[in-house]
Amino acid sequence: MVTVSEARAADEQPSGEIDRTPTPRSAIGAVAFAAIASAMLALASIDGAVLAFAGTIVLAVGVWLARLRIVSAGSLLLVGGIVAAGVTGATAEPLLVAAVCVVLAWDLAETAIELGDRIGRDASTARFEAVHAATSLAVGVGSAAVGYGLYVATAGGQSTTAVVLLLFGAVIVISAFR
Amino acid sequence: MRAFDTNRWTGLNGVILLVVGIGIALRVPSLVLVGVIGIGYAAFTTFGDAPEPALEIDRTVSVDAPDPGEEMLVSLTVRNAGETWLSDLRIVDGVPPGLEATDQPARMAAALAPGEEATMQYAVTAARGEHTWEHVRVVARNLSGSRERYIERSVETTVRCVPTFEAGSDLPLRGLTTQYSGRVVTDVGGSGVEFHSTREYRAGDPVKRIDWNRRARTGELSTLELREERAATVVLLVDSRVSAYVAQDPGERNAVERSVDAAGQLFTALVGSGDRVGIAAMSPSDCWIAPGAGTAHGVRLREQLGSHPAFASTPSDGKFYWPLWFNRIRRRLPRDAQVVFLTPISDQTAARTARRLDAHGHLVTIVSPNETGDTSIGSRFARVDRAIELMRLRRAGIRVIDWGDEPLRVAIAAAERRWSR
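One line per chain: the protein sequences are A and S, in this order. The numbering used here numbers the first residue of the first sequence as 1 and each following residue consecutively. The numbering used here numbers the first residue of the second sequence as 179 and each following residue consecutively.
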């Protein structure tokens, strides 16, 4: 005999009632952005692209299994790909695009897993996910634009030190915010 | 409630430092540039606290008084009544414990501009009883999801689901009766249908009942005595302690739901045949309707069975003290009342109650929904344990109807065959 009260006490809805797998839209978006990042790196450097491709696969597996740790590991591999590409002398533009894509991929994957867990795959989440992805994309594009502007401005003669100093300035401003 | 960190972007700063550090150490300006994007996102995460949502929440249910098993459509509309953007809202509706959202979860994620509203719809299957919705739980986050706030809003909605019990399961009653005429055949001689005995003629005996054959044979006047048919007083006692909420599978109807259903069928038949019927629950929440007869009484019983918390499909709160409860029920039971005890016999207390009531002179008939399975060793043990308990009860002279998956009337018919042997 199963005491029903115990089975229902854990949550008002029995687990298994809600499909808690990641929401499909964000999950597909995450994998797509990771793939774009790898493609961008492939334009610049083969070494970086190999790492990034591995990262994409790991991230996809992580989303499939709804495991945030695996997703984070995949994202780190993608970052590793960017670093490898940068070290082997890639130009700045594909790196910037790849970096925005990597952050977006991680962000969307996390959203997919978290939403699936808390709200459920079948609930209405389309607009929410669209707003979320759009905001993240806007932030990425905005900071890439600022960074690229700085880069173009400083590439004319000043050294990287100027960029670094500017960055530190930015970091101090951000810490002041907190 | 206060907002708190979600730790969603933890580690971002470390990654930025790593990438920028490698960029500086190896003099790769493009990597330093990549760091700028990370700093952009880091700034984004510090931007804004989790909003304090000003929400207008409205819930509508398609039917107020559904029949059991009927689908109800519930729609929850959430409106952003404040001035701020609510970019990240997760809303979970507090579906009553006795109901379950069937096709879609009662959950929604929404992003609302000021004045905008979002609606979620889900269906629940009505179950017997009174159901009140619990708090709507809302989680609001800031734009980046780095800060989070949890709030609860109460939206009053109550649905009452009173079933129409089908009549028909005629339970053979035991010979403890009232002075009113009814359908229980007694051992008392008088007017009736079935032959009982003959006795000497006394002045005033009805002419119809004089045994004319005997008069012709012997010349003596004698009177036929027939078995009197009288009405009984029956109290339907439903076991709804926490331990009676057992089911073969967690998703299926539990023993209490089946017991209440059976009580509904029995009382309809009993009231229809003129018996006096009352209802009591063996439960933490007190429930007692004294035996009575008539249409109005029948309606009261139906209402009580349909919506009293003691008969709900989930256990009622509170502690159950058997001695107190037993004293109370014993004082309440009329002297001539027989008890129909509906219990799964999931523990010793139920059997003890039956024996004690029987000892106090209330003839007891047990209707016991069988919810033991044979899937595991534990459930097989429970099945054997229950079978032994039933055997002991029968040996003690208590009638037991062991009610498996078949309709109640089939179980009663099967038990009746055994009784008449």
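Treat the hints loosely; a few may be bogus.
Partner residues are not named here, just some residues of chain A that face chain S (Cβ under 7 Å, in silico) [stated by the list, open to error]: (1) PHE53; (2) GLY86; (3) VAL87; (4) THR88; (5) ALA99; (6) ASP122; (7) ALA126; (8) ARG127; (9) THR135; (10) LEU137; (11) VAL139; (12) ALA170.
Covered stretches of chain A (in silico footprint by chain S; criterion: 3 or more residues with CB under 8 Å from a CB of chain S, positions within the stretch not fixed) [what the hints assert, rightly or not]: (13) 24–30; (14) 36–43; (15) 142–154.
Reference excerpt, derived from the structure (chain A facing chain S, CB under 10 Å, subset only) [unchecked claim]: (16) THR21; (17) ILE46; (18) VAL50; (19) ALA85; (20) ALA90; (21) VAL100; (22) GLU114; (23) ARG118; (24) SER136.
Honestly, the hints are just simulated from the structure, not real lab data. Just so you know, even glycine gets a beta-carbon here, dropped at the ideal spot from N, CA and C.
Here is how each hint holds up against the structure:
For PHE53 (chain A), the shortest C-beta to C-beta distance to chain S is roughly 18 Å, which exceeds 7 Å, and the interface hint is violated. For GLY86 (chain A), the shortest C-beta to C-beta distance to chain S is roughly 4 Å, which falls under 7 Å, so the interface hint holds. Below 7 Å, beta-carbon pairs count as interface contacts, and VAL87 (chain A) has one with chain S at about 6 Å; its hint therefore holds. Evaluation of the THR88 (chain A) hint against chain S yields a violated restraint, the C-beta minimum of about 9 Å exceeding 7 Å.
With 7 Å as the threshold, the beta carbon of ALA99 (chain A) comes within range of chain S, its nearest partner Cβ sitting at about 5 Å, so the hint holds. The closest approach between the C-beta of ASP122 (chain A) and any C-beta of chain S is roughly 5 Å, which is under the 7 Å cut-off, so the hint is satisfied. The restraint placing ALA126 (chain A) at the interface with chain S is violated, with a minimum CB-CB distance near 9 Å, outside the 7 Å limit. Hint on ARG127 (chain A) holds. Least Cβ distance to chain S is approximately 6 Å, under the 7 Å limit.
The beta carbon of THR135 (chain A) comes within 6 Å of a beta carbon in chain S, closer than 7 Å, and the hint placing it at the interface holds. Given hint, LEU137 (chain A) at the interface with chain S, is violated; its Cβ is 11 Å from that chain's nearest Cβ, farther than 7 Å. Taking 7 Å as the C-beta cut-off, the interface hint given for VAL139 (chain A) holds, the closest approach to chain S being about 5 Å. The interface hint given for ALA170 (chain A) is met, as the beta carbon of that residue sits about 5 Å from the closest beta carbon of chain S, less than 7 Å.
For a cut-off of 8 Å, the count of residues in the segment 24–30 of chain A with a CB near a CB of chain S stands at 0, and the three-residue condition is violated. Only residues whose C-beta sits within less than 8 Å of a C-beta in chain S count toward coverage, and the segment 36–43 of chain A has 0 of them, not enough to reach three; the restraint is violated. For the segment 142–154 of chain A, the assignment as covered by chain S holds, since 8 residues bring a beta-carbon within under 8 Å of that chain's beta-carbons and 3 suffice. Because the closest C-beta pair between THR21 (chain A) and chain S is about 13 Å apart, greater than 10 Å, the hint is violated.
Interface restraint check for ILE46 (chain A): the shortest CB-CB distance to chain S comes to about 17 Å, outside 10 Å, so the restraint is violated. The closest approach between the C-beta of VAL50 (chain A) and any C-beta of chain S is roughly 18 Å, which is over the 10 Å cut-off, so the hint fails. Because the beta carbon of ALA85 (chain A) sits about 9 Å from the nearest beta carbon in chain S, less than 10 Å, this interface hint is met. Because the smallest distance between the Cβ of ALA90 (chain A) and any Cβ of chain S comes to about 6 Å, under 10 Å, the interface hint for this residue holds.
Interface hint at VAL100 (chain A): satisfied, since its Cβ lies 6 Å from the closest Cβ of chain S, which is below the 10 Å cut-off. Evaluation of the GLU114 (chain A) hint against chain S yields a held restraint, the C-beta minimum of about 8 Å falling below 10 Å. With a least beta-carbon distance of about 6 Å to chain S, the hint placing ARG118 (chain A) at the interface is held under the 10 Å criterion. Hint status for SER136 (chain A): holds, given a least beta-carbon distance of 8 Å to chain S, under 10 Å.
Of the hints listed earlier, those the structure fails to meet are numbers 1, 4, 7, 10, 13, 14, 16, 17 and 18, in rising order.
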